[in-house]
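Take a look at the letters that make up each chain.
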Amino acid sequence: MNTFSCERSGGCERAHRGGLALLLAAAGVLTWPAGAPAQAQTQTPGTGPQSAGSSSTDDWANPNFYATYQGDGQIHPWHAQGGVWLMAGEPGMSNVAVQIGNEGALVVDTGVKPMADKLLAQIQQLAQQQAGDQKAIRYVVDTDGLMDHIGGNAVIREGGSTIVAGNFQFDNPGLTPGASVIANQNVLMRLVQESSSGYANAAPQALWPTDTEDFDIYNVHFDGEAVQLFHPHMATTDGNLMVMFRRSDVIATGDIVDMTGYPLIDTARGGTIDGELVALNHIIEMAVPEDKQEGGTMIIPGHGRLCDQSDVVHYKNVITIIRNRIQYYKNQGKTLPQVLALKPSADYDDRWGHDSGPWTTRQFIEAVYKTLPARGPSFSMLNETVVPATAAVAGGRSY
Amino acid sequence: MHRSRQPAVWLALLCSAAATALIPHAAAAQSLLDGYWNPLFDEDVNERIPGPDQGDYAGLPVTLAAVSVAHTWDPERLTLPELQCRPHPSIYGFRGVGNLRIWEDRDPYTNIQTQIETWIMWQSQHRHIWMVPHPHPPPWAPESWQGFSTGRWVGNVLEVHTDMVKAAWTRRNGLPTDDKATMDERFFRYGDILTDIMMISDPQYLSEPLVKSNEFFRQADGAMQPYPCNQVDEVPRAEGIVPMHLPGPDAMMDEYAVRNGVPIQATVGGAQTQLPEYQDAMLKMPPNPPLSQIEKAEQKIINNEEQ
Chain A
87 MNTFSCERSG GCERAHRGGL ALLLAAAGVL TWPAGAPAQA QTQTPGTGPQ
137 SAGSSSTDDW ANPNFYATYQ GDGQIHPWHA QGGVWLMAGE PGMSNVAVQI
187 GNEGALVVDT GVKPMADKLL AQIQQLAQQQ AGDQKAIRYV VDTDGLMDHI
237 GGNAVIREGG STIVAGNFQF DNPGLTPGAS VIANQNVLMR LVQESSSGYA
287 NAAPQALWPT DTEDFDIYNV HFDGEAVQLF HPHMATTDGN LMVMFRRSDV
337 IATGDIVDMT GYPLIDTARG GTIDGELVAL NHIIEMAVPE DKQEGGTMII
387 PGHGRLCDQS DVVHYKNVIT IIRNRIQYYK NQGKTLPQVL ALKPSADYDD
437 RWGHDSGPWT TRQFIEAVYK TLPARGPSFS MLNETVVPAT AAVAGGRSY
Chain B
3 MHRSRQPAVW LALLCSAAAT ALIPHAAAAQ SLLDGYWNPL FDEDVNERIP
53 GPDQGDYAGL PVTLAAVSVA HTWDPERLTL PELQCRPHPS IYGFRGVGNL
103 RIWEDRDPYT NIQTQIETWI MWQSQHRHIW MVPHPHPPPW APESWQGFST
153 GRWVGNVLEV HTDMVKAAWT RRNGLPTDDK ATMDERFFRY GDILTDIMMI
203 SDPQYLSEPL VKSNEFFRQA DGAMQPYPCN QVDEVPRAEG IVPMHLPGPD
253 AMMDEYAVRN GVPIQATVGG AQTQLPEYQD AMLKMPPNPP LSQIEKAEQK
303 IINNEEQ
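The listed protein sequences derive, respectively, from chains A and B. With my numbering applied, the first sequence closes on residue 485, and no number is skipped along the way. With my numbering applied, the second sequence closes on residue 309, and no number is skipped along the way.
Using 30 Å as the maximum straight-line C-alpha spacing, the simulated DSS-like pairs for lysine-lysine come out as follows:
| hint | chain 1 | residue 1 | chain 2 | residue 2 |
| --- | --- | --- | --- | --- |
| 1 | B | Lys182 | A | Lys378 |
| 2 | B | Lys298 | B | Lys286 |
| 3 | A | Lys429 | B | Lys302 |
| 4 | A | Lys429 | A | Lys456 |
| 5 | A | Lys429 | B | Lys182 |
| 6 | B | Lys298 | A | Lys420 |
Don't read these hints as lab results, they were simulated from the structure. Predicted, not measured: the structure shown is a model, and the values here were computed from it.
Put together the whole structure using the sequences plus the hints.
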């Protein structure tokens, strides 16, 4: 049996797609009727009340913003640890984590749409190998709402099933609902907003999550272990989730950790550099290395290779250093073009930066600059650099 | 008496020849590296034991990016709990302290040498060198401090290639390597002396391979002690602090040059600083400021930070 508990700021609110989502969609239609001005049709997503102050626009006009599938069509299962597998794709594709056990499969993110059928086949094959026949996909967790993380939602959801109570089956004979797709509530709100505002690359409704919540920690017991969903506030977006498999000792972080580049801080969707750093520090706190800062808790990043706490520490240090340099320049009154000209990340760019593609070094510097205060702490005694703690991030709470 | 011994001598020679013929030819060319080895610090002792000064990168083929990272580095960072128990990576470990143990693994049926393993006492640096074909970890597999090593014998020289090492360091004063760095090594044994030559390549932080040699002396009676390590909060800090130096002129980085009479420009390093003729170029460099000026500037930095 699954047990659920919810620890959150304002009561457990479950927004089913048929309820709040449709209500919001209807509101959006009223706001942007057919025949609305052209600029309305291309309005930047994520510019609603929750992203007030954000000015990222060009990012979303770029059709290549979302990571695109670039590989040979293969999904590579790799045993992360315990009951969790990493379904690695090709360069540019987001990682998918799969937990398999006697109760079925829990899938964290579903990758890009073109790979969804192959991903489903691999998950089903893996489930059969590891847990035997009749082990269905029960849950999908979206770590954010970007298309390279939710692109396979429809296929994976429909390929799974939810165990429902008798009344539902009596009322809907022959109908088996697909897997439950869980996300933070902000993900659904933004997807609905983008769809209703006529955004050209808006995700179709079939990709939307079916179960969204506003929580800090959401606990599930599944496949013989505690599964904890953490919601870091305003990290790469305002809808991030991280998933910790406690017995397996694996954390799936989504885009908060990206072993292929600087974190994609989506300011249009509520992302901030300090929220990102708070989330990275939280991952470091949760992870326990086995010996000599190696192994132990394994961390599945949103993109790139499997890692452990030391890799996240290095990543966090690099991001913190760049953040502090930019705050230092900003404290001196330097403008964004001046900071860009100073190349505050140049010594790390060969490894982490990109000159082209969906998330460039320039975009990263812009996002950091825009989400830092005009004046803020950059260092204190003996050059120790202060990163704002959890309380400094809007909406941030202690875990 | 002398004649009576002849048949025994011939018999012994015959047995010896027969025994030699039974020894595999390839193995005869290999060196036996097994045993316990003490590191010798007659080379680069100041760098390897007390540790290099901050700002000293002379004679190293480092890039400007590497110098920038090193100038940002603050030794206080080592007090962060999550960094306290890090071992040296394989691309530095043989330059560090601690006894070295080497042993070989052989297939119990074929007696083929399958692995050579090394263990350095400090932080228990345990490395596997695959001597038979072994699948390389895929790009999505985790990296490690010791990386993935493969080896082969060329005569009596052991050649080793290593990659998949975590982002680490080539010097303990902040000179970095990233996780794309690779290392090629040559191990030679001459009697009781073992030499390891390391050639480190890093497209981001080295403009050409960094070559270093390390020597060890064989111990007749070896021992290896355990090296447990536990993190502690050595310095009370708020969450998320990363000790670092901010951009701009930093007198602390110049102190080494001024104290040792080396032009500041030369201590920044670069491939050209490895060459003998660079000494001529150093003669034309502007003189360093006096030490008193550096110390005054350092004090000013400290005072500003304490405010």
